[in-house]
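**Student:** Below, each chain spelled out in residue letters.
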Amino acid sequence: MLNPIDVAFKKAKNENRPALLTYTVAGDSTKNQSLIILNTISKYADILELGVPHNTPVADGSQIQTSAYRAIKNGIKIEDIFWIVKKYKKNKNSKPIILMGYYNMIFQYGEKKFLEKCKKVGVNGLIVVDLPWPENKSFIKKCQKKSIYFIQLLSPTTSKERLNKIIKVSHPMNYFISMLSTTGGKLKVSSKKIMSNYFKIKKINPKKNVVIGFGITEKSIKSLKKADGLVVGSAICKEISVSIQKRQNPVTNVANLVKKLKYKIL
Amino acid sequence: MKLKKGIPLIDQGNSLGFWGGKFGGNFVPETLKKPIEDLEILFNKLKKDKKFIAERDKYFKNWIGTPTRFIKLENLTKHVGGAQIWSKVVSDANGGAHKIYNATVHCLLAKRSGKKIICGDTGAGYAGKMLSMAAKKFGLKCRIFMGAKDIERQQPNVRAMKKNGAQVIPVYSGSQTLVDAVSECMRFWVANCDTTAMCVGSTVGPAVFVRICGWSTSQISRELKAQLIEEFGCIPKKLKLYNCVGGGSSSFGFWNEFMDYDKKQCEFIGVEAGGPAKSRRHAAPLTYGSKIGILHGAAQYVNQNSDGQIEETESISAGLDYPGISPLHCFLKDTKRARYTAASDEEALKAYKLITKYEKLRPSLEPSHAFSVAIKEAKKMSKNTIVVVNSCGDAYKDKKILRDRLGKKYA
Chain A
149 MLNPIDVAFK KAKNENRPAL LTYTVAGDST KNQSLIILNT ISKYADILEL GVPHNTPVAD
209 GSQIQTSAYR AIKNGIKIED IFWIVKKYKK NKNSKPIILM GYYNMIFQYG EKKFLEKCKK
269 VGVNGLIVVD LPWPENKSFI KKCQKKSIYF IQLLSPTTSK ERLNKIIKVS HPMNYFISML
329 STTGGKLKVS SKKIMSNYFK IKKINPKKNV VIGFGITEKS IKSLKKADGL VVGSAICKEI
389 SVSIQKRQNP VTNVANLVKK LKYKIL
Chain B
320 MKLKKGIPLI DQGNSLGFWG GKFGGNFVPE TLKKPIEDLE ILFNKLKKDK KFIAERDKYF
380 KNWIGTPTRF IKLENLTKHV GGAQIWSKVV SDANGGAHKI YNATVHCLLA KRSGKKIICG
440 DTGAGYAGKM LSMAAKKFGL KCRIFMGAKD IERQQPNVRA MKKNGAQVIP VYSGSQTLVD
500 AVSECMRFWV ANCDTTAMCV GSTVGPAVFV RICGWSTSQI SRELKAQLIE EFGCIPKKLK
560 LYNCVGGGSS SFGFWNEFMD YDKKQCEFIG VEAGGPAKSR RHAAPLTYGS KIGILHGAAQ
620 YVNQNSDGQI EETESISAGL DYPGISPLHC FLKDTKRARY TAASDEEALK AYKLITKYEK
680 LRPSLEPSHA FSVAIKEAKK MSKNTIVVVN SCGDAYKDKK ILRDRLGKKY A
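Going line by line, the protein sequences match chains A and B.
Going letter by letter, the first sequence gives residues 149 to 414 in the working numbering.
Going letter by letter, the second sequence gives residues 320 to 730 in the working numbering.
No lab work stands behind these hints, which were simulated from the structure alone.
Among these hints, one or two may not hold up.
What the hints assert, rightly or not - Heads up, simulated PhoX-like pairs for lysine-lysine below, C-alpha to C-alpha not over 25 Å straight-line:
no.	chain 1	residue 1	chain 2	residue 2
1	A	LYS237	A	LYS374
2	B	LYS455	A	LYS316
3	A	LYS336	A	LYS290
4	B	LYS481	B	LYS455
5	A	LYS356	B	LYS341
6	A	LYS285	B	LYS455
7	B	LYS366	B	LYS481
8	B	LYS341	A	LYS290
9	B	LYS353	A	LYS334
Unchecked claim - Residues of chain A clear of chain B, computed beta-carbon distances all greater than 10 Å:
no.	residue
10	LYS225
11	TRP231
12	LYS237
13	ARG310
14	ILE325
15	SER329
16	GLY333
17	LYS348
18	LYS350
Cβ atoms here follow ideal geometry from the backbone N, Cα and C, with glycine treated the same way.
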């Protein structure tokens, strides 16, 4: 059976466009609201990344930090995150879910128990920001046993030799970090440069899907549309923050933003 | 889990950088893998390079000022009545604390790697002050990340950093203390690792930073060993080395050369920050049995909740106010080579009052924690026991806190 993540990429390819991946923080700004957001944006996005908020996030810029701190402050716990996924997966239009977070949360929960729970509620993939290769060697095997994709991160600093090694052991989806930055940084390299790096990675194993993320906004998304998939995170988190500030409905505003993003890549 | 003899502790980690198979490592974002690997290659090469060591020693001697004094606290010994109480006055070092050793080495490494900018974190402000001094000395641009709460309570060091031309960046996230400063500094490095070197201010962070810092502060115990032999003709039969432990850089450096001695002869006592007596919060993960977790790239005992969120700490001393602890100390605890305990804010203040009453020594609030326990335990020890406390920082930076808590007389 195909992992729903593969199905999503296939569908986008058939429509001759990149897959649209969104990132929102679980529990931002509340448990229920983040569930409603997932349900609402499912209409436009192909794969949903759900951030597991952590209070010492070493790779996240200010937008995602703000979302994460807000969610933690509003009491989100790891069990609530599983609840959100479980509820969301009951939606018949649900999309593949990727949990993205930091390793300590998994470590404290217990790797085995965490994966069992992921499987049970319907998580399709995992991104663990601070568990790079080769540190992730044993964990990726455990993910494989549960048919959950462990998505490897690749960076402009990753050497050619390392790229080869990582892609060899990687699952069918990888994540290319567009530039040297935390999440949500200003795009400081040209789209052309990013795509040229992207194609170098793609060439190593064309069968594996590679998405690009970090710094992608409404403005820049179109110029990267040759990729297999594009991730927008900080721009969405920012939309939630701004909506709260202006006392507007985050759900409507985020839905509108995702809709716009989708039209840019059609 | 066992300590090996004859191999420096910093080199006892496995190929993935774990001490005892489980402490340390490199839990870092992919972007940092390459810069960390580059730094490892450079450090492993240079620490064996005689020319580099000579260069290091030249700056340690002529610029930092070595050796720092080793003195007997005669009046305090008389007052306490028990073991002989001595102090290694590391605050004699240029800048007023042990942080200068690590800062100097990191700047030397940055120069060798061709980096023009160096960034660093700071809690009490000493790591930042020293890095700003060393950066100035070696012609590097310097950025220091510091929690907004610490900026407020450690003003003298903030002024010093600015005077040295460093850019001090306040960190407003989380508890606004050291833990957040380290996170923000790592984020900055993630985004700028092509042009910038990073200095982690203690024996924490990804494995290579633990090793570089430990290698640098070990100067303290190299000096002490020679001074003990000069004073007593040999290493005393009963030697007790007391040191405060926040991240663990000064204590590791204070103990390293004595690692292979039997603990019955050379005992190591690490004193963590117990926080206010009436508070549940503390910065003493070893003393209070915190669970192992991942913080700032390394597995270590760390204050956290059941979900794995890092818990806020509380301590009067900004330099000890850190929820985690060096993997080296986790290893020393589990192998039982060192013993760890905690002193409260109030106990540290009491010790400070007592020392300044009897001696011409003004230890900062961090070593005052170590003095507190040393004084308490020295009472019950024989006269031929040699207690040495590392006075690793000067109280000048604590002026405001001392005035608020003890009155003008002590500030």
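**Student:** Tell me, in ascending order, the numbers of any earlier hints that this structure violates.
**Tutor:** The structure conflicts with hints 1, 2, 3, 5, 6, 7, 10, 13, 14, 15 and 16, although it agrees with all the remaining ones.
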